[in-house]
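Here the structure of chain A is known, so what remains is to put chains B, C and D in place on it, guided by the hints.
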Amino acid sequence: MSKVSKNSKVMSKKEAVETFVFDGAIVGMGGQNVARCAVNLAHEIIKQGKKDLTLTGCNLSIHMDLLVGAGLVRKCEFGLGGMGRFGATFQFKRAIEEGRMEAEDFDHLTMVSRFLAGEMGIPFIPVRGLMGSDIINYQAASTEKKCEIINNPWNRGEKVMLVPAMQPDVTIVHVQKADEIGNIIIQGIASHEPELIRASKATIVSCEEVVSTEFFRRNSDYTTVSYHYIDAIVEQPFGAYPTSTYGYYNFDADHISYYQQCARAGGEEYKKYMNEYIYGCETFDGFLEKCGGGKKRSQLKQEMLRSM
Amino acid sequence: MSKVSKNSKVMSKKEAVETFVFDGAIVGMGGQNVARCAVNLAHEIIKQGKKDLTLTGCNLSIHMDLLVGAGLVRKCEFGLGGMGRFGATFQFKRAIEEGRMEAEDFDHLTMVSRFLAGEMGIPFIPVRGLMGSDIINYQAASTEKKCEIINNPWNRGEKVMLVPAMQPDVTIVHVQKADEIGNIIIQGIASHEPELIRASKATIVSCEEVVSTEFFRRNSDYTTVSYHYIDAIVEQPFGAYPTSTYGYYNFDADHISYYQQCARAGGEEYKKYMNEYIYGCETFDGFLEKCGGGKKRSQLKQEMLRSM
Amino acid sequence: MEKHYSKNYAREELMSIEASRFIKSTDTVILGTGLPMVAAIFAQKTHAPGVNFVVESGSIDPILPFAPFTVADPIIGHMAVKTGTLRDVLGCLVQRGLVDIGFLGGAEIDQFGNINSTSIGDPRKPKVRFPGSGGANSIASCVPKLLIIAIHEKRRFPPRVQFITSPGYIDGPDGRKKAGLRMDRPDIIVVTDLCVMQINPNTGRLELTKLMPGVTADEVYENTGFEPKLRKEIGEVELPTEEELKILRYEVDADHIYLKEFSKQSGA
Amino acid sequence: MEKHYSKNYAREELMSIEASRFIKSTDTVILGTGLPMVAAIFAQKTHAPGVNFVVESGSIDPILPFAPFTVADPIIGHMAVKTGTLRDVLGCLVQRGLVDIGFLGGAEIDQFGNINSTSIGDPRKPKVRFPGSGGANSIASCVPKLLIIAIHEKRRFPPRVQFITSPGYIDGPDGRKKAGLRMDRPDIIVVTDLCVMQINPNTGRLELTKLMPGVTADEVYENTGFEPKLRKEIGEVELPTEEELKILRYEVDADHIYLKEFSKQSGA
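Residue numbers (my numbering), protein chains in the order written: chain A, 1 to 308; chain B, 1 to 308; chain C, 1 to 268; chain D, 1 to 268.
Simulated from the structure, these hints should not be mistaken for laboratory data. A portion of the hints provided could be inaccurate.
What the hints assert, rightly or not - Only pairs whose alpha carbons sit at most 30 Å apart, straight line, appear in this in silico DSSO-like list of lysine-lysine:
{"id": "1", "chain 1": "C", "residue 1": "145", "chain 2": "A", "residue 2": "146"}
{"id": "2", "chain 1": "B", "residue 1": "146", "chain 2": "C", "residue 2": "145"}
{"id": "3", "chain 1": "D", "residue 1": "125", "chain 2": "A", "residue 2": "75"}
{"id": "4", "chain 1": "A", "residue 1": "272", "chain 2": "D", "residue 2": "127"}
{"id": "5", "chain 1": "D", "residue 1": "260", "chain 2": "A", "residue 2": "301"}
{"id": "6", "chain 1": "D", "residue 1": "7", "chain 2": "B", "residue 2": "6"}
{"id": "7", "chain 1": "B", "residue 1": "301", "chain 2": "A", "residue 2": "146"}
{"id": "8", "chain 1": "C", "residue 1": "45", "chain 2": "A", "residue 2": "3"}
{"id": "9", "chain 1": "D", "residue 1": "45", "chain 2": "B", "residue 2": "3"}
{"id": "10", "chain 1": "B", "residue 1": "159", "chain 2": "A", "residue 2": "201"}
{"id": "11", "chain 1": "B", "residue 1": "6", "chain 2": "D", "residue 2": "145"}
{"id": "12", "chain 1": "A", "residue 1": "145", "chain 2": "D", "residue 2": "246"}
{"id": "13", "chain 1": "D", "residue 1": "246", "chain 2": "A", "residue 2": "146"}
{"id": "14", "chain 1": "C", "residue 1": "145", "chain 2": "A", "residue 2": "201"}
{"id": "15", "chain 1": "D", "residue 1": "127", "chain 2": "D", "residue 2": "45"}
{"id": "16", "chain 1": "C", "residue 1": "45", "chain 2": "B", "residue 2": "301"}
{"id": "17", "chain 1": "C", "residue 1": "127", "chain 2": "B", "residue 2": "271"}
Chain A extracted, bound-state conformation (with noise of 0.2 Å):
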């Protein structure tokens, strides 16, 4: 059976979130920040109300404290989870903090280096960091092995940190463009995506736009990620909302401050907002209108060819 296809990958979030993640599952999660979350995919994941997960990633932000929120998170191993200036991710922060989540913290070079070990289908990978760190003093229950430190054979005295190989289960991601085959491209910075994409024994694309199989044979230098690792192809324009897709829409400061206020404050609120904003949006489109419609959304168009 071969692990790699070539058919139409075209799917509502439905039937991909269906398909792709189940309980207890590693989920890789893209974008960073407040650039690129797969939230679009996030709230089907908590519409399917799949539990137990266990989030990896870098900048663990909006799309990760959704999910916390919901109560489907028992673990997140990452480099950081927060939104700059925006503050904290507060469900994040405070399932930590009453220890109902394991947070199994690494740093960003050490969590990109576990998934190009695990895209190269490597066991480990030596880094440069963490020794000297507490970060290697500390490990969640859960983990088996957090790093192991061994004797360099090319240079006996000389100790090296090595970190295991990351494959998440299913990875979901947030691009520009794709076409229904699943080939990607990931225009402006692309952090950590083409290593945890290519590590993913899955991975979920949701777009901006589906283009042609030709559009990318005819610009192969820009193909980021090729069809072979891509295993779901969902169209949603504004996936990314409240967070930016470069080249198409800015974040949406007020959005995100409104939800930092809900996840900070907790209880009713955030309920209440996860009711309004998620529960009750049948659709992601839905969920758009609610948020202020066309006029916000060429607001936040403007605002993005501003900055380019």
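Coordinates of chains B, C and D only, in the frame set by chain A:
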């Protein structure tokens, strides 16, 4: 002292080779087979007689064979030495068979993994190959430790093959476009070059055309390697001749075949080639003129256009 | 559709066609230079239109109108979905475990399916030096199915290669496992101009499974340095059709780079 | 050119300007989010026009017209020579050893220059959870010069951080070497709104090297959880010029995202 410079690095090949190539250096070789070999820089190294070189790369081709034929190479560390349908790299073949040159055989993936470790600043990296082969049962006399097998700390009992990082002293590479501070774009297949260049302590780039830095800043998704790794920019149209440069010109089967005939014959016939085509040409442009001049060049351009 | 078989073919041609038959339309195949390209492109143009190729130099799923001159021929990236790097192909596809078939040639192939493309004699001062591994070692180490195509000559098929560049079963059924190779029981198929040999994973040895039309087992034994066991259900290689030969001769290898022109070769 | 010094500034403003003075025009600097961006962009707009920035998210040498909101703000790639990946920046520049300065903030900074951005209390069930390392651990592990900018508060400068996220000298002059860090004696400079402290590699401890105008050493001690030794040649931070303040206020942080508007802050 900062290791990175943003000053103009445009210089003559003479100055570039004088400054960055030294006797005994480990020289990284860009290009492969009949594509984008930095033949113009190999000619300059030969003219300057830089000796006791170790050449490293994946598919070492005519640029390597010329340096070996000129008697400047003491060792090759590589994936393959050859020219596909044009046959062996005969000077290389003979130098090994006669015990005049060390051959440290690896495999393409192993070499690129070694460059990957080099560019990442880590001391070694695992590979899944080599085990069970004779590649690990022989090593050149000058090699300290070719590879090491350890137990996987995450799966005791599983053997894992490690290979050491490779950071060449200087790499020579020919690309399509560069700016004066050293940003480069490789069009078409890029083989092992991104990793090789970033792993190297210095890199000399020859290019088909020097474009503005503005060009890179306006097309920043398409930059292959940023200026941080580059030390010299040499503008030399047809600098890969008689090998090809994608988007610019095809390889010249006639000249390659003629070279192969001379290299296979060796002795006087090879000396005659070297005298006529290298020592006898004051400049690389002079060499190009001798090889058919403008007529040949437009023929090879036409051939490239037809294959794109 | 009725098949019009032809007997006007060279064995080298049928060898390429037969090798192509082991490729399915759903396969991802990594191609070495030479005859593997001829056979694989032939497969894509005939029974396996969906097959996707990757080439070590960085070309991912190109559409090759004819067999390129080398893995670095400018045509190698033609209409690829991605023109990437060696790491993309050998690292993130082959070593990552996503490639179904590795398709190689080799200077020496032994009874265990080991391939030598390095040297004859002491590797440090060899009698004959070959080009070396290229990507072959990694490919042979990692893929679940290895397809080897080679002209059948006695010296090319010794009992034991003089240098294992790319491991087959090394020295027996557990050879790969003992050596530490994760892919410990791959399928290995050798297609020559005389026959097809396939590995028996329980013995770690090649067995004779098919003969070219008109070739006898004795003829194979005479030209082989070891004695491949005969499979019970030994078959005959299916003849090529006229259509197949036309595609091979006039589309895949139109310039006769890899296969001599049949009319010239046969003196017809 | 004569300098017109100004006394109409907030200490936070001078803190950013002072931090920027440690950046040279030839430096490659990796920028964390927040005040490091303000100070670094200020340096580029004034005395260090040639400086090149890299940002962990993958932006290489962007030209930033103003301080971005986060490391993933769409403006972060503005006019970059390459928009790449996290691996490009933290792997192939920082870990590779090509970055001169790491520029960070931190929730807690101790006398050894260790930074905590992880948690207060038992890390498995902390009293306060911070965002975590991001790229800071790798940066602090690998760069030869670490620049830290932070508001001076006693609880922010404890004798020992509760969690070493990013190692300074760990526990003394040989702390890094013992831990196995190759970059074993980096320069560490801490710029606050009260003073400048710099590491003494022979003791592995921060020393007080400069005071903000009008601030006394006692005032620093009152607001610090440890007692930084006084350097003999202790100096005063140079006042900002009117021109510098104008650039800081109206170009770098025009929307007052990072620095409060001075007029409002001072009540002027």
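Output the numbers, in ascending order, of every earlier hint that fails for this structure.
-> When the structure is compared with the hints, numbers 1, 6, 7, 12, 13, 15 turn out to be violated.
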